[in-house]
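Protein chains in written order, with my numbering: chain Y, 1 to 143; chain E, 1001 to 1116; chain B, 2001 to 2494; chain W, 3001 to 3165.
One thing to keep in mind: the hints can contain errors.
Rough simulated footprint, nothing fancy, chain E against chain Y, three-plus residues with beta-carbon under 8 Å [as the list claims (entries may be wrong)]:
| # | stretch |
| --- | --- |
| 1 | 14 to 27 |
| 2 | 89 to 95 |
To give a feel for the contact side, a few chain B residues facing chain Y, derived at Cβ under 8 Å [claimed, not checked]:
| # | residue |
| --- | --- |
| 3 | Ala2007 |
| 4 | Leu2014 |
| 5 | Val2015 |
| 6 | Gly2062 |
Away from chain B, derived, C-beta distances all over 12 Å, residues of chain W [what the hints assert, rightly or not]:
| # | residue |
| --- | --- |
| 7 | Asn3013 |
| 8 | Phe3015 |
| 9 | Val3033 |
| 10 | Val3109 |
| 11 | Gly3122 |
Just so you know, the hints here were simulated from the structure itself, not pulled from any lab data. Keep in mind it's a predicted model, so treat the numbers as computed, not measured. Glycine is no exception: its CB is placed at the ideal position from the N, C-alpha and C atoms.
Read off the chains here:
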Amino acid sequence: MKDDIILRVVAKLLMPFMLVFALYVQFHGDYGPGGGFQAGVIAAAAIIFYAIIFGLAAGQVLAPDWLVETMLAAGVLLYAGVGLAGIALGGNYLDYFVLDADSVTGQHRGIFWVEAGVGCTVAGVMLKLFYMFAGRSRDAEDA
Amino acid sequence: MSAITGHFSYWVTVFLMVAGLYIIISRTNLLKKLIGLAILQTSVYLLYIAPGKLIGGTAPIIADGFSSYSNPLPHVLILTAIVVGVATLALGLALVVRIREAYGTIEEDEILGQED
Amino acid sequence: MLEHLPALQVVLPLVAAPLIVLARHRGFAWLATTAVSYLCLVIAILLASRVMEGGAVSYAIGNWPPPWGIEYRVDALSSFVLVLVALTASFVAPYAHRSIAAEVPAERHYILYAMYCLCLAGLLGITITGDAFNVFVFLEISSLAMYVLIALGKRRKALVAAYQYMLMGTVGATFYVIGVGLLYLMTGTLNLADMAERLRAVEDVRPVLAALAFITVGIGLKLALFPLHQWLPNAYAYAPSMVTAFLAATATKVSVYVLLRFYFGVFDPSALFERLPMREVFIALSVAAMLSASLVAFYEQDVKRLFAWSSVAQIGYITLGIGLDNQASLTGSITHLLNHGVTKGAIFVLLGAVALRSGAISVSVASLSGLGRRMPLTAFGLVIAGLSLVGIPGTAGFISKWYLIVGALERGMWWVVAVIVGASIIAVGYVWRVVEAAYLHPAQGATPVRHEAPAGMLAAALGMVILCVYFGIETSFSVGAARDAALLLLGGAR
Amino acid sequence: MAVTVVAMVLQRNLFGVVVLFSIYSFLMATVLVALDAVDVAMTEAAVGAGISTVLLLGALHLTGGTEAKPLQRPLLPLALSVAVGAMLVYGMQGLPAFSDPQAPIHSHVAPRYLQEGMKETGIPNIVTAVLASYRGFDTLGETAVVFTAGIGVIALLRRHRRKGK
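Input sequences plus hints: build the corresponding full structure.
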């Protein structure tokens, strides 16, 4: 598919919009449907789409392997870290009330970071899954 | 009559569950079994979500002008279940790929027939 | 800090896993895993002592009061299981260092340790939580980690074993979710204690009975309840040694815990056992498991499979106690969770040492010949752990079987006593085969050279063997806590 | 939806099954929208029809082909599955009717989320509020599950310089 000019142009045009849409879903999850998980999937889908058209190597330039692997661990850490911050500030685990003087703001802040953690891990894992399966087939063909 | 219509979504659940389970037990192809597993897992979605719906209610996003919302708790649970489902599927597929490489087939009876 | 122990119990291993992945360093991974395992043990013991002094501890995660938020609840039963899991982990983790080095390619070590931490977090999470859906989530964490751990085994059959386990385990988990869903639809809550209370007011029992059936079959798949045990022998036999040891000592035990919790904590046990022939079903299945699996073990050639089948039989003992349903038998069951966990853990840890030194991909009974000379301490450990498996007085296995027999006698079921003794005699048979090979058969080939396992491994292994004896003599913790737990289940004090 | 499932059971070309699975997921998502579960529907569409399909196709490419054999003894599995289904039907007889506002799930626990959720967390999308705050620990677990699967697949599929084979 690498040689089809229409696909290439469309892909280049669509990519940024898909990523922006992912961000929108990520941060607008408070008011409409969506949240970290869906955003993570969409962001991953954007890069997978790109990689399908331009080849796996091009996708891995965009989101290199080490970054992806770091992302999937960092997300869980971020989430669990927000929980520990709750303890550090004198509340229970995952207690968002204490994250700010005003409990509602605290809740907001907690949910924001937690969702960011989810999005980070999910995007990382979905990309990693794709890399793994796609990379495998490339090797299999070589062999 | 109401026993049928009132539980319509449940019947769909039952049907999906039976179909999924049937695929898992009866098929020997490892990939097909995984798809059966996925269907079995989706059957649960309706079991949880359908009863949460209130006729006349709306999606549980608080806004002016609505007073009746569907129950959000099942939605949360099923979101988690979907995620767990896809995680399991990915892992299962990875296993199937490895099995195929190690045995050269993904038919259960052929694999079990091979000696180590 | 002390009031946050329930949360830290689970969060520590959960945080360790991504840290290990980030660091991607073998030595760090091992250090972190070991440190976390010990910390978990300390936390579990602190929690247990708090429960013994002051009764159940409740911890509201996110400071949302239950049933709106998720509640962590530590009582006599769950603290007991927490100690079991953490105890096993703290023996297996230091041991893993050498065992893994021999069995798994080096670049996968850090992943294995991360998986081990996740599995530990999952098992602890299942035990400590007071929320039905949270059980499912942590069940999946531990199960997914477990499938990967098994698949990392050396032989290609490990992949198939992991796949089979995954299939049955996921069906089990899905059934569990269906069961919980039915209960949720009838009560509107997911908090176990709240659910139990509201379930009493439910008039239509049909959904509750269906939920009971789904949860029983679902968890039964996980705990290898006869005849749902097909995945177990392969999974145990082909997993890496340290994984087998950890799996055998904890995973099925935690599932039994979930079953106990639902039977006695959520469903009304008296109505349950009166209305349905649950007692009879459980006794029949347990007896079948004890006899048939013991016999299979007796004829098995591969040592790991031999003891895997013996595990199916031992699970029969545990479920027998549930079926007998009186205080003595439940005490026996709960004690057996710990005693059998320690015993089987010790056996598989020792077998790992044997496998390390023999270098073969599988250890057959015949290849054990001359073990008494080659690895005297390991062989001696196997004998002691084997005696505990049989249930010789002075070992851990005796204590729990004794309570089971007392429980059966209280019910006036002489034939059950006969089965317990009979299955133990078969156990003598298969343990004897191992002992015979190790001590009486001459070694093949040249004169055996004494070549014990590395000190670290041996220390961990012998530590578990000593526990087998310790829990056979000093029973104030094991039986004491188990009795508290049984009382709690049967609705007594605490 | 039922039709696609039946077709999936019968179809032996695995590629066809995967495509049907994708369609099935979309239908499921549509049903979920009708049931007011917009968040879930969005996820199901993205995961079921998107990620799962990509992964299935990837795996299919690596393993290939069709199912080898027709079934030999389809009756026993069918009987077993139907028996389990019957158990579920039995249990369902006693469930509250569809859209009954008096049902326990509408009268217990959930009302607090709907009535107080906005005040307590300041988040209008109650699903997000429950997901990330009230039952935040479930979501932490869920993230951990995804993480586990990701690492697990790395463990299983990453190529290493292996000796021999």
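Evaluation of the provided hints:
With 0 residues bearing a CB less than 8 Å from a CB of chain E, the stretch 14 to 27 of chain Y misses the requirement of three and the coverage assertion fails. As drawn, the stretch 89 to 95 of chain Y meets chain E at 0 residues by the rule of a beta-carbon pair under 8 Å; below three, the given contact is violated. Hint on B/Ala2007 holds. Least Cβ distance to chain Y is approximately 4 Å, under the 8 Å limit. Satisfaction of the interface hint for B/Leu2014 is found here, the shortest Cβ-Cβ separation to chain Y being roughly 6 Å, below the 8 Å cut-off.
Here the hint on B/Val2015 is kept, as its CB sits about 5 Å from the closest CB of chain Y, short of 8 Å. Here the hint on B/Gly2062 is kept, as its CB sits about 4 Å from the closest CB of chain Y, short of 8 Å. Annotated as non-interface, W/Asn3013 keeps its C-beta farther than 12 Å from every C-beta of chain B; the closest such distance is 22 Å. No beta-carbon of chain B is positioned within 12 Å of the beta-carbon of W/Phe3015; the least distance is around 21 Å.
Remark: the non-interface label on W/Val3033 is consistent with the geometry, its nearest Cβ contact in chain B lying 21 Å away (cut-off 12 Å). With a least CB separation of 5 Å from chain B, W/Val3109 falls inside the 12 Å interface cut-off, contrary to its annotation. With a minimum CB-CB distance of about 15 Å to chain B, W/Gly3122 clears the 12 Å threshold, and the non-interface call stands.
Comparing the model with each earlier hint shows violations of hints 1, 2 and 10; every other hint is respected.
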